[in-house]
Amino acid sequence: MSDLQDIDLFKSIFQSSLEGIIVVDLDGIIIKSNSASEKLFGYKAGKLLNQKVECLIPNKFKKNYESHREKYKVKPIELHLGQDLELWGLKKGGSKFPLEINLNPTKIEGKLFVIAFVTDTTSQKKTAKN
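Under this note's numbering, the sequence shown has 119 at position 129, and the numbering climbs by one with no breaks.
Where hints are given, some of them may not hold.
Restricting the straight-line Cα-Cα distance to at most 20 Å, the calculated cross-link-like pairs of lysine to any residue (SDA-like) are [to be verified]: (1) K22 with S6; (2) K53 with L(-1); (3) K29 with G83; (4) K86 with K61; (5) K86 with Y33.
It should be emphasised that the hints constitute simulated quantities derived from the structure, not laboratory data.
Throw the hints in and build the complete structure from the sequences for me.
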């Protein structure tokens, strides 16, 4: 497989994933998002680009997020969040929903980024209640 074919393959995987994928720099700026993440948070295609990731976090959790992001800059590691701790996302329209996030640090051209895999856990929470 050629490099161009590899790039096309990864673009296809990124866009066709049912899981939301958001790539963020260490300042919290969204540099890439797939269609599943845009749908999950209620944004039109391309509208998350260059936004602060805080736009996806309910107000009452933003201070905690900022503190965690600063710590993460110092020690970026793979993290799975939302199983033991309730996490909430904020849709563009203002509604909140429970979610889980997997954070994976990666270097691209020598610069550190975080890839967030985001899953809406609304249906799992409903099933667990019943």
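Checked hints:
1. For the hint pairing K22 with S6, the CA-to-CA distance comes to about 14 Å; that is within 20 Å, so the pair holds.
2. Taking the CA atoms of K53 and L(-1), the gap is about 38 Å. The hint is violated against a cut of 20 Å.
3. The suggested pairing of K29 with G83 holds, with an alpha-carbon distance near 12 Å, which does not exceed 20 Å.
4. As the CA atoms of K86 and K61 are separated by approximately 25 Å, the hinted pair breaks the 20 Å bound.
5. With a C-alpha separation of about 14 Å, the suggested pairing of K86 with Y33 holds against the 20 Å cut-off.
The earlier numbered hints that this structure contradicts are 2, 4.
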